[in-house]
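Enquirer: In the order they appear, the protein sequences are chains A and B. Quick note: to get the working numbering, add 147 to the position in the first sequence (first position is 1). Quick note: to get the working numbering, add 147 to the position in the second sequence (first position is 1).
Hints should not be assumed to be uniformly reliable.
Because identical chains cannot be distinguished in the list, a pair is counted as satisfied if it fits within a single copy or across any two copies.
Unchecked claim - Derived lysine to any residue pairs resembling SDA-like cross-links, with alpha carbons at most 25 Å apart:
1) Lys267 - Asp256
2) Lys189 - His319
3) Lys189 - Ala323
4) Lys189 - Ile322
5) Lys189 - Ala321
6) Lys245 - Gly220
7) Lys272 - Ala191
8) Lys200 - Val314
9) Lys272 - Arg335
10) Lys245 - Ala321
To be clear, the hints were calculated from the coordinates, so they are not data collected in a lab.
There are 2 protein chains.
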Amino acid sequence: MGVVYFELSMSLDGFVTGPNISVDNPLGEGGEHLHDWMFDGKTAEESVEFEEKVFAPSGAIVMGRRMLDLGIGPWGDNPTFHAPVFVVTNRPHDPIVKEGGTTYYFVTDGLEAAFELARKAAGSKDIAIVGGADIVRQCLDRGLVEEARLNLIPMVLGGGTRLFDGVASSLHFAIARVIEADGVVHLRFRVG
Amino acid sequence: MGVVYFELSMSLDGFVTGPNISVDNPLGEGGEHLHDWMFDGKTAEESVEFEEKVFAPSGAIVMGRRMLDLGIGPWGDNPTFHAPVFVVTNRPHDPIVKEGGTTYYFVTDGLEAAFELARKAAGSKDIAIVGGADIVRQCLDRGLVEEARLNLIPMVLGGGTRLFDGVASSLHFAIARVIEADGVVHLRFRVG
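Based on the sequences and whatever the hints tell you, model everything.
Expert: Encoded structure:
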């Protein structure tokens with residue numbers, strides 16, 4: 148069986164975006180630096196390859212509608228997911244088929260329904276919850292997350308979207324893996 | 148020359164205490180678990196030895212008045228600092244001499260004055276800023292900190308004192324060392 152995980156890059160002060168998110172500035176002011184570690188020193192092609200490797204073990208992706216709205220443009224015609232993406236939303240929409248195996252499905256009957264579809268699609272592969280923070284929090288609240296993957300970025304954002312605001316303090320995190328890299332500490336926790 | 152560092156244990160959601168701090172509950176509700184990693188599996192004697200080792204390279208300690216008020220009881224007659232402690236406060240008080248080399252000095256003319264005294268006392272040894280969060284933030288704001296030592300604890304507190312609230316987002320942190328241990332990730336950053 149695959150693992151159900153979320154992965155987000157977070158500043159030292161706990162933000163996963165900067166303040167004032169918009170379509171022009173999907174990660175908020177300064178928030179783009181949360182992802183510098185993925186791109187620094189890489190060509191555009193190498194960055195795509197890198198992201199494809201991240202998503203290769205995943206048979207399904209779960210994300211929020213806002214994240215799709217902000218990302219669908221930048222992610223282009225051949226997104227790096229190469230898997231069905233289940234978008235949790237209350238606005239119905241026909242599936243949007245992209246190249247390379249990525250289709251955006253709009254699930255309007257709740258998070259559990261999205262996970263049921265994701266599980267069927269993923270089979271024995273992983274399910275990746277890619278954000279935003281509100282969807283991750285809902286998944287944590289409902290006990291849907293097995294693994295938290297936090298890319299801790301050595302910066303202070305001072306504002307924006309906090310990942311853990313409102314998450315139950317009774318949740319148990321156990322350190323599973325810590326990897327230091329250039330400009331990022333990759334932290335992996337089992338969640339129970 | 149020694150290094151000027153602060154060291155604090157912080158939850159995943161950025162808190163260095165839980166909510167509702169009091170003399171009876173100096174780390175707030177749930178905040179005591181931030182320090183479990185220091186004591187778990189150790190006898191009381193081994194815990195003291197451990198703390199003494201932490202402070203051994205430091206020739207001077209800087210802390211806030213509230214931290215002293217909360218800590219002076221629990222730290223007892225022979226505190227583990229074994230060095231002069233400069234307490235930043237606006238309430239004058241005669242020095243309090245403890246056993247084993249720890250004296251609490253009350254500095255009422257500001258943080259810079261406390262650091263001047265700490266530097267003279269420390270000589271070539273380190274200066275440790277041990278908290279609370281407000282003093283650490285003031286030190287960060289004034290460029291007094293060379294190294295940030297964060298003990299990241301895999302738990303969500305959900306409330307309390309946030310370390311980084313109000314810290315300038317222009318501060319530069321560079322990863323210096325990452326060590327995974329039992330129930331804690333020790334993170335060390337150079338601050339510039």
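Enquirer: State for each hint whether it applies.
Expert: A quick look at each hint next to the structure:
When the C-alpha separation of Lys267 and Asp256 is checked against a cutoff of 25 Å, the pair qualifies only within one copy, where the shortest distance is 16 Å, while the shortest distance between copies is 66 Å. For the homomeric pair Lys189 and His319, the shortest alpha-carbon distance between copies (22 Å) is at most 25 Å, but the shortest distance inside one copy (36 Å) is not. With identical chains, the CA atoms of Lys189 and Ala323 are at most 25 Å apart between copies only, with a shortest distance of 23 Å across copies and 28 Å within one. Taking identical chains as interchangeable, the C-alpha atoms of Lys189 and Ile322 lie at most 25 Å apart only when they sit on different chains, with a minimum of 20 Å there against 29 Å within one chain.
Taking CA atoms no more than 25 Å apart as the test, Lys189 paired with Ala321 passes between copies only; the shortest distance there is 20 Å, against 32 Å inside one copy. For the homomeric pair Lys245 and Gly220, the shortest alpha-carbon distance inside one copy (12 Å) is at most 25 Å, but the shortest distance between copies (65 Å) is not. Taking the shortest alpha-carbon separations for Lys272 and Ala191, neither the intra-copy value of 27 Å nor the inter-copy value of 47 Å comes in at or below 25 Å. In the homo-oligomer, the alpha carbons of Lys200 and Val314 never lie at most 25 Å apart, since the shortest distance is 30 Å inside one protomer and 36 Å across protomers.
In this assembly of identical chains, Lys272 and Arg335 lie within 25 Å of each other by CA distance solely inside one copy; the values are 18 Å within and 35 Å between copies. For a Cα distance limit of 25 Å, the shortest separation of Lys245 from Ala321 qualifies neither inside one copy, at 37 Å, nor across copies, at 39 Å.
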